[in-house]
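Protein chains in written order, with the numbering used here: chain A, 894 to 1237; chain B, 728 to 1577.
Simulated from the structure, these hints should not be mistaken for lab results.
Every residue, glycine too, gets a C-beta built ideally from N, C-alpha and C.
It is possible that some hints are incorrect.
[To be verified] Label pairs and their in silico Cβ distance ranges:
1. A:Lys970 with B:Asp1492: 32 to 38 Å
2. A:Ala923 with B:Glu1274: 54 to 60 Å
3. A:Asp987 with B:Lys1270: 37 to 43 Å
4. A:Lys970 with B:Gly1342: 54 to 60 Å
5. A:Tyr986 with B:Ala1293: 52 to 58 Å
6. B:Pro1145 with A:Pro1148: 54 to 60 Å
7. A:Gly1190 with B:Lys736: 53 to 59 Å
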Amino acid sequence: MQEQLKELVKQAETDIQACVTANDLMNAKAQYLGKKSVLNGLFARMKELSPEERPAFGNMINQSRTQIEALLEIRSKQVKEQAWMNNSNASSYDLSMPGIESSRGGFHPLTIVRREIDEVFLSMGFEIAEGPDIDDDFHNFDALNTPADHPSRNLADTFYLENGGLLRTQTSTVQIRTMERYAPPIRIISPGRCYRNDKPDPSHSPVFHQVEALVVDKGISLGDLTDTLQQFASIMFGKKVGSRIRPHFFPFTEPSAEMDISCVVCGGSGCRVCKNSGWLEMGGAGMVDPNVFDILGIDSELYTGFAFGLGIERIAMLKYNIPDMRILFENDLKMLRQFKGELR
Amino acid sequence: MIISLNWLKKYIELGESTAELEKLLTFAGIEVEAVKELPALPKSVISAKVVSAVAVPKTDHLQQCLVDIGEYDYPEKNEAGYVQVICGAPNCHAGMMAIIALPGSELPGYTIGKAKIRGVESHGMLCSEKELGISDNHAGIIELPYETAIGISVNDLYDLPDTIFELEITPNRPDLLGYLGIARDLSAKLSRPLIMPDTKIEDEYFAKQDLALKLVINDTEKCPRYTARLFVDVQTGQSPLWMKTALIKSGLRPISNLVDITNFVMLEYGHPLHAFDYARLRSLPGDTVPAIVVRRAEDNETFTALDGKTYTLDSEDLVIGDGESPSALAGVMGSEQSGINPETCMVVLESAAFHPGSIRRTSYKLKLSTDSSYRFERHLSDHATDAASLRAAKLISELANGKLCPKVHDNWPNPSQPQVLGIRPSRYKQVIGYELNDNAIMDYLKKLGLKFIQYGCWIPGKITDVAKLYCHHAEEMKQGKTEFTELPDCVHTQYYEIPPYRIDLEREIDLIEELARLDGYDKVPVKTIPRQVMDRHAYRIKKVAAEYIVSRGFFETLNYSFSDSALMLKLGYAEKDPKLDMLRLKNPQSSNQSAMRTSLVPQLLQNLVYNLNHGEKNIKLFELGKTYHKAEGLSYEPYHLAAALCGRIQNEHWQHKAAMINASYPKGVVEELLDLLGLREYTCQPASEPFLQTAESSQYLFQGKQLAYYGKLRADIAQTFGIDTLELKQDIWILEMHLEDIIEATRHLQRVFNELSRFPSVVRDISFLIADSIGWQDIHQEILSLNPDLICELSPFDEYRGKQVPSGYRSLSLHLKIQDKEKTLTDERVDQLVELVIKTLQDKWQITMR
Ligand SMILES: [Zn+2]
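Chain A with its partners taken away, still in its complex shape (with noise of 0.2 Å):
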C-alpha cells in the first residue's frame, strides 16, 4: 500500500508538470484529489485496516495529500506567470493605427472667448447680468444720455421693429436695467448679441457680440477702470500684453476713452494687423456720466462708476487669427473644428 501511494504521488507530480493552462490544473486536481479520486478511494478502505493500523494509513495518505496540494500550487503560479508573460508580449497590433476616440463635438470660436470672458470677470468678482436683445428707446438711448438728434439713432445705423422695439445696438442697456433694479455697489458684466444696420463685410456684421463691464460704488476712479482692463489683457492675452486708454467721445462716459491693448501679433513693434501702431483698439469705455445716474435716481455725488464695452468678435479674430468676420456665422464644420477643445 505505502508503494502505491509512493508511485500515486509520482505519477501525479509528472502529470502536473505537464499541465499548460489553468483548465489543465483543474482537471489534474479533479483526478487526484477529486471525490473519485485514488486518494479518495484509499480512504475508503481504511475500513478494512484493523484499528491499531488506521492512524499510521491515515497520516500516509495525508501526507500524500499535502504533497499533491503543493506540486498543484507551485505549478498554478508558473502557470499563471506564464500567461501573464505570453499576454504582455503577444501584441497583434499595428500601434500606428488610429485609437479609438469619443468623437467629441466643440464650442464656437464667439463662444469660446465670450466663455473666457466670463471666467476672467467671474474670477475677478462681477456678476453676469443678461437683458432682452429687443428693447427700447429709452434704455438703448434716452438713459445713455444719447441726445433724440444723435446719428446713431437712424434708420441706417440702428434696426427698429414694428412694434415700436429696437434691437439693442450694445449692451449697455443691461447696465441701464441693473442699476434700475439694484442699488449700488454694483460690478457686472453684461454678454449679449448686439445689432446695428451695417451690411456684413470682412469688419461688420449685423448681428454680432459684446461684454460690457459696469462698476458702480463709492471711490470708483478712471483708475480702476485702467486696473481692471490691465488685468484682463493679462489673463487674456498673456502678462506681456499692455493696456492704455486714450481719449475718445461716448455720449454716457465723461470722460471717455478707447482702450487699446499693445498688439498681440507684433508684440508693439508694429505689423499689419496694428497697422504698424503697436496697439490694438479693444473698445470703448469711461466714467459714467453723472446725467446717467441721475437719470437713473443714484446719487452722483456719493458714486461714481466706470464702464467699458469689449467686441467679442474682434477679440476671437484677433486671439485666432481670423480674417473675415463672415467666417464665424458660415458654421462650416471645417471652421467649428479648428477650435475643438479650446474651451474644456
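Take the given structure of chain A and dock chain B with the ligand to it, following the hints.
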C-alpha cells in the same frame, strides 16, 4: 474651566437667563462647551443625623439606620421619632450628619420611594453627591460637617439651584482660568462693576512675632518672583460647606481647609498657590534658619510627588526645596513630605511666578499635568502673586484661624515692566469697519483693567518712555477740551498701561480685537446688501447643457437672430401657427431677414445643408440661443438648444464600425440631458412638430408643457431645404430642448442622497416574446409596479425580430436587478418575485417565455 454661576455671581451681578449668559460668553469670545443645570431639589431632601447604623443580617454591606430628621414632618417615623433607612454606603456610620431624601422626593433622574430591602422597610435614601446631581462622586454618601443643623434643605446646603458652565479657554487667555477673569470680561461687556473679593485681614489675625525664613532664588529667569507669607496657630481641619460646595461644583475634591483655600484662590484669581508645613522645612547646611530654595534640580535628582510617584529630574527642571531636598516640583506638584498634614500649625504660603516654557517642559517631560502646571505654562504675570497670596491669607485667617506673620518675604529682583499701548480710534474704524468713539473705547478698556495714561499722537513701535507721549492733546485735555483737532502729523491716540494679568495684549491690534469682541462682532456692518444680480442657476443649466451636447459630438453653430415667415412655412408650419406671428423689422436688410426668429431649427437645417454640400457626411450641429416672440411689453426671448444630425453615431474607425443614427441616438441625448439637469418626472408622447414624422418622434412634457422633443425630419420637408434623403441614403434627425422652461422647472430642485443598501443585489435575466404593439414604457411600468421596493433596476439588453419570431412580435430580454434595503435576499424570495413578473406579463399580454 468649569464654573458655577452662583459662584461667579459673587464678582458680578448677573440676572441673565442661562441662554442669555451662554450667548454673552460666546460673543465675549469664551466658548461654552456645555451647560448643566443643577435644579432646586424638593423640600423633602434635608440634612439628618444618623443615630444608629446596624448591619443587616446576611448582607455584606447593607446597614439598617435610624435617622433623626428633627422637626421635619414625616408620618412614618418610629416610636422614637426616627426614620428607618437602609444604606449600602461604606462610609455610613452612626453619629454622622448626612442628607436624606425622604419617600416621594424627586431627584434628578428618579423618584425616591418607600421600599422593603431584605425584609426591612426603608423610608427614603441617604444620598451621595451624584444622586443629588452636584458631582459624579458616588464613592459614598455625603458626610456633612458635624455642626450642621438637622432639617436644613439641601438647597441651602449646596446653594441650589445653580448652573454649571464648561468653558473652553483659549491658550492666550490664562486670566480667564479664574472666576475673576471671567467676571472682569463680563463686567466690561455688560458695563457692570466688578466686585473684588475681601482681602482685608482683621488686626486680631496678625501674629505678634515673625517666623524666621531664608528665601533664596537661584534662577531668577525661571522664577522671577517668589512671595511667601507665614502663618502661626493654624488649625487644620475641614473646610466649611460653602467652600466645599464651590470646589465640588468646579470639579475639584475638597481635602482640608488649607489645601482647599489654595485651590479656591487658584480658581478665584487663576493663580496657583502652594502651602508648606513650616515645621518640616530644614535649613541650609551650616545654618539654622529654615530655608526655601528655588533652584534647578541636580541631574538625576529624584523627587517623590504627592501622587506617590517618584520622578527623575534634570538640571532644566525647577524645584522648590528646603535646605536639603526638593519640597515641590515648581509650579507642578508638591510632595507628601513637605505638605500640610493634620499636625501642621505653622504654614508657609507660596505664591510665585514661573517661566512658562520651563513649566511646560517639565510637565511634558514627566507627563505630569496639573491644574497648577496648566495655568503656569500659559504664562502668569509676576505682578499677580501678591494679590492671590493676600486673598489666601484672608481666608486662612478666617477659616483656619491662622495668624499672619507681619513680614512678607517677597523676592522679586526684576519686576517686569508694565506694557504701554496706544490705540487710535481711527484705526479701529479702519480695521473693524465702524466707528467706536473715544468714550466707548475708554469705558471698555478701563473695565478690562487697563489704566488710561493720557491722549497723545500715534507713535509706531514699542513705547519705552511714557514721558515722551506728551503732545498738544494732553494740553487740550487739561484745558477741559473734549474735541480734538488732529494736527497734520498727529493721529489721535489713547495710551494705556496694560494690567499684568493680560499678557496677551501686546500690540494695538490686540486692543482693537478686545474692543470688537466686547462691543460685539454682531455690530460689524455687512458692507454690501446681499443680492443676486446674476442668475447663477440659469448660467449653470446653459453651461451644463452646452458642455453635454459637445461631449456627444455636436459642434456649435451661431446664426443671425433673423428669419422670416417663408422659412417657417417651409418647415411645414401653418399660416396661423403662433411661430409665424413673428416680430418684424421695420428696416430689414433683406426679405429673408425681415423678422426675429421664433425657432432655431430652420437655420440649423441650412447649416446642415451647407456642410452636406461641402462634403461632410456625419454631421452633428447644435445652436444654443434665443428665439424671439411677441409678448406683453416688447418681447419674450427664451433660450433654446436645438440640434440637427445625420450620418453615423461616431466617426468611422477601422476596428469598430459605427452604426447609422436612428431614433435611439437623439432619444438618448435628450433623456440623458434631462436627467443631467435633474428632470426625471416627465411624460412622453409623439411629438406634434409639423416637420417631424410622428411615428418616429417623441416629446417630453412636464406639467403639461413641452420641455424637449426629438424626431426624424419628414423627407418632404428635407426636400424643401434641398436635401434628398433618398439620394443621401440617410435620415435627418432634429432635437430641441426648451432651456428657458427647463431652467424654471429645475430652479428649486434639490438632489437628495439615497441611503445605500449594504445587502447584495441579485440580477435575473428573463426573455420572452411579446406583441409589437406593447411598448417598453408600459412593460417597464407594469413590472416596476409589482414591487418597487425590491426591483431596483430594470433594463432591456436585447431585442430581436426575425427568424423564429412570428411577425408582429419581438423577443425581449431584460435584466431584473433585485435588492432588499433591509436584509439579504433569499433565493426563494427572488424566485417568487421573478415568477410573479412572468405571471403578470403572461396574464396581461400573453407573453411566451423563451
Ligand atoms: Zn502689431
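Taking the hints in turn, this is what the structure says about them:
no.	hint	in the structure
1	A:Lys970 with B:Asp1492: 32 to 38 Å	holds (36 Å)
2	A:Ala923 with B:Glu1274: 54 to 60 Å	holds (56 Å)
3	A:Asp987 with B:Lys1270: 37 to 43 Å	holds (40 Å)
4	A:Lys970 with B:Gly1342: 54 to 60 Å	holds (58 Å)
5	A:Tyr986 with B:Ala1293: 52 to 58 Å	holds (55 Å)
6	B:Pro1145 with A:Pro1148: 54 to 60 Å	holds (57 Å)
7	A:Gly1190 with B:Lys736: 53 to 59 Å	holds (56 Å)
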